[in-house]
Structures are given as C-alpha cells and as structure tokens.
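A.B. asks: Per the working numbering, residue 313 is the first one in the sequence shown, and the count goes up by one each step.
Since the hints were made in silico from the structure, they are not lab data. Any given hint could be a false lead.
What the hints assert, rightly or not - BS3-like mimics (lysine-lysine), calculated; alpha carbons at most 27 Å apart, straight line:
#1 K413 <-> K548
#2 K548 <-> K525
#3 K382 <-> K548
#4 K548 <-> K458
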Amino acid sequence: MSNQEFVVEDTLKYSARQLARTTLLGLGQMTAGLRLSPAFIIAGAQRCATTSLFRMLARHPQVQPPVMNKGIHFFDTADRYARGSNFYAAHFPLSRPGARKLVSGEASPYYLFHPLAMERIAQVAPQAQVIVLLRDPVERAFSAYKQERGRGFETLSFTEALAAEDERLDGEEDRIIADPTYQSYNHQHYGYVARGRYARQLRRAEAALGPGKLTVLDSDAFFRPGLQGWDDLLQKIGLDPWRPGEIVHSNARPSGELDLDLRAALVSGYDEDNEELADYLGYRPSWML
C-alpha cells in the first residue's frame, strides 16, 4: 500500500469515527432524561493520579463509565459548554431499572484550575461529589511539563518554561471570566507552577459547590497499601463497600532528573502556598511531613 493510500485509509477511518461519535451523541441528547447523572466528577489536579482513581472506581460493580471517554471536558471547554446540559447528559449511559443502584462519573483534571468550571458544575450537576487529588506541587509541575512536552504542546526546556509562565498566563484567567466563549491554550497547557497553588483553587471550588460537595485526597497517602479514605469515598458517592484489588497507576511518565537547584527554588517558592493549603485542610499533606 502506498503512502497516499495509507493517508486515504486513515482519513476514512477518522471520518467514520467522527460520524459514529456525532450519531451517538445525537441519540444521547434525545434520551438525555433517561441517562444517569454523574455521581462523581474527578476534577483534578492534573498529574495527581486522576486516571488511576477513575479506573479504580470504574471497576466497582455499581459504576457505569461514560459512553465514550473518561474525560468529557464539558465544563472547561467553551464550545462544549455552550451546547447545553443535554449534550453533557448524552455522554453518560442509560439508566437501568432494577434493584441495584448504578452510578456514573467522569474525570477531567482541568476543571480544578479553570476559573469557571466549578460554578458550571454547581449549575448543571449539583448532585455530583467533586473529587480532587493533590500531590507534591514540585513533582506535579515537573510531571505536567513532561506530559506537555511529550504531547508536542511544549517546546521550551523546563527552566525556560518556568521563566515564561507568568508572561504566558498574564491576563488569561481574567479573559476567560470576562468572555466565557474564550478558550485559552496557554492557561490549559502552561500553568506548571500555578496549578500547584492548591489552596486558592480549593477555596474557589468549595465556594461554588457548597458544603459537603468537595472531597480532597492526598494522592500519595491515599494510594498507599490499605487505601486510606477509600471506604469514605465510596460512601460519599453512594456506593456499596468494595475493594479494587490490585492498584495500577495509569499514565505514569518516566521520572527523569530535576535539577537540584531548580527543585530547591521551586520548593522554596511553594512554602507560603503549602502553609495556606495546610491551614485550609486542617492537616499537613504528605509532602510537608
């Protein structure tokens, strides 16, 4: 087969997938009222084992995953949000009448950092328990950089990207708030340090969602043997007790080496934010011990 034939074949396959997706979502919108509403939304933080947690929950016998992807990105993508709540509902499976309660949920880790996402969740999915996982913000920043670099979104070195971050993000959050139709590439991809300033994001989320709707997990502590907090999480979602067995970490990136001086500078830069986070949580997270 020639290169041209490969291109034609790939194009046809892509077109077929898009047609199937459009058809599925169209049917889903027509049956929106018959579909499960999300009982949980894993909202972040990026590179904090959100995929691992979602896959663990998806194995629970009462959980039905979304019909296409785990990450719907409805509340952080302007054109998707503009399509309305029936479009969101179309991504979830049909409810099944029966004795056993079934639930669904999704995981879109940009929600926590997006300035409008939590307000939107409160309006469209007020029943959902919003789950946020946190990890050492220095490790999170470096992991996020490696992901963006690996996906082709980042061309700078880590040092250069950190130096450019303030300029790249300057005014982006205000513009998103002022113009809900605006989609910020820089805000989504280049907030390496900013996404690790957790306390501000958590306070914003709690204010939007209301009491009892936000669950915050220390990722490293949570995934230790024994899964401390797992049973409480299931109860908040409305699931029966159950254990997932083997824990498989998903989407891990090669560790690489972070320059020691750069690491020290990042650790120091997060000191105030970490103290603010500890004050918000009422305990010191694992990376501060």
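A.B. asks: Measure nothing beyond the straight line between the CA atoms of K548 and K458; if it is 27 Å or shorter, mark the hint as holding.
C.D. replies: 33 Å, violated
A.B. asks: Is the Cα-Cα distance between K382 and K548 27 Å or less?
C.D. replies: Roughly 20 Å separates the two Cα atoms, so the pair holds.
A.B. asks: Can you confirm whether the C-alpha distance between K413 and K548 stays at or below 27 Å?
C.D. replies: Given that 27 Å is the threshold and the Cα spacing comes to 14 Å, the pair holds.
A.B. asks: Keeping to a limit of 27 Å between CA atoms, is the pair of K548 and K525 held or broken?
C.D. replies: 9 Å, holds
The structure does not agree with numbered hint 4 stated previously, though it agrees with all others.
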